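Colleague: Each chain is listed here by its residues.
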Amino acid sequence: MIKFYDKEFSSRLLIGTALYPSPAIMQQAIRASGAEIVTVSLRREAAGGRAGNAFWSLISELGVTVLPNTAGCRSVREAVKTAELARELFGTTWIKLEVIGDDETLQPDAVGLVEAAQILIKDGFSVFPYCTEDLTVAQRLRDAGCRVIMPWAAPIGSARGIVNRDALKLLRARLPDVTLVVDAGLGAPSHAAEAMELGYDAVLLNTAVAKAGDPPEMAKAFRLAVEAGRAGFKAGLMGARDFASPSTPVVGTPFWHAVS
Amino acid sequence: MHVIVNGRSTEIAAKRLDGLLGELDHEGNHVAVAVNDLVVPRARWSATELNSGDRIEIITPRQGG
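In order, the protein sequences belong to chains S and W. Every letter in the first sequence is one number past the one before it in numbering that gives the first Met the number 0, and letter 27, counting from 1, is 26. Every letter in the second sequence is one number past the one before it in numbering that gives the first Met the number 0, and letter 25, counting from 1, is 24.
FYI, nobody ran anything at the bench for these hints, they're computed from the structure. Quick caveat, the model's predicted, so the values are computed rather than measured. Keep in mind that the hints are not guaranteed to be accurate.
Among the chain S residues that face chain W by a calculated CB cut under 8 Å, a handful are [stated by the list, open to error]:
#	residue
1	Ala46
2	Gly62
3	Val63
Over 10 Å on every C-beta distance to chain S, these chain W residues come out as not near it, computed from the model [stated by the list, open to error]:
#	residue
4	Glu10
5	Val38
6	Thr47
7	Glu48
8	Leu49
9	Ser51
10	Gly52
11	Asp53
Computed beta-carbon distance windows for the label pairs [as the list claims (entries may be wrong)]:
#	chain 1	residue 1	chain 2	residue 2	range
12	W	Gly6	S	Gln138	33 to 39 Å
13	S	Glu103	W	Ser8	30 to 36 Å
14	S	Lys210	W	Gly52	41 to 47 Å
15	S	Lys168	W	Glu10	58 to 64 Å
16	W	Asn5	S	Ala172	42 to 48 Å
17	W	Glu22	S	Gly231	41 to 47 Å
The C-beta atom is built at its ideal place from N, Cα and C for all residues, glycine as well.
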């Protein structure tokens, strides 16, 4: 089991709801992923529009927990206001906090992120901040009261996998009591397994499944990879070595020492 | 009365927030609303009077990552 704030879950895979070829495929992929938490956003609805209702009924059918995001926000003010609307709209204090600082990389604005997290936590929110792998920023977020922290593997939608493995390892080692989720930049199931092998508590992804040739099959592949990576971490991975060490016993090798 | 709805200047007849939502055909929609940056809970829609120039955001759930 894994705990996000005060709620327990069995799945360690969180999945996004965007970019799927169709609503039906989105539902199939989410079901195949085994995810119990899905990310959603909130947007303006034009007069007479029903897009929000249609999407919301699809999500409601899945019986999952929703994690609203503040995607697209570029300032503390926008992010806080969006979080307040999300709390009203979805009836949850959970918020995936994004404060974007750079349009090319969609890199989080570390300063704005910490400030927004402080404001929202004081206001009773359970904040899931999307951040970079920077240790000191993560420490500030923890000090602000974030019990979940979500560093990127690589820029959103880039599918590059874990770019800065050493920094992610350091985060895990230095923040043992924080629920750590690798969020963004994963492209292949092996990337998710790697994150879990590093001791991360969960992974959050969207594009890698939504843009796959067969999203439900890819969702299943990620589910299995997350389970495999977690099992591997729990089993205790051996350390890497520079040189060979024979696995087959040397003693008793036929013709051993027979040739001079 | 002239207000700004989702960033667009809009002429409305309604005097209160619940009336505005009806006028803009949002009845029965799963929406959240902010007036001048402050969220107005559903229970207070009918008691919320609108003023000329108010900025109103009408928000619904969408796909997100």
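Colleague: Would you pick out the hints that fail for this structure and give their numbers low to high?
Modeller: The structure breaks hints 2, 3, 5 and 17; every other hint is satisfied.
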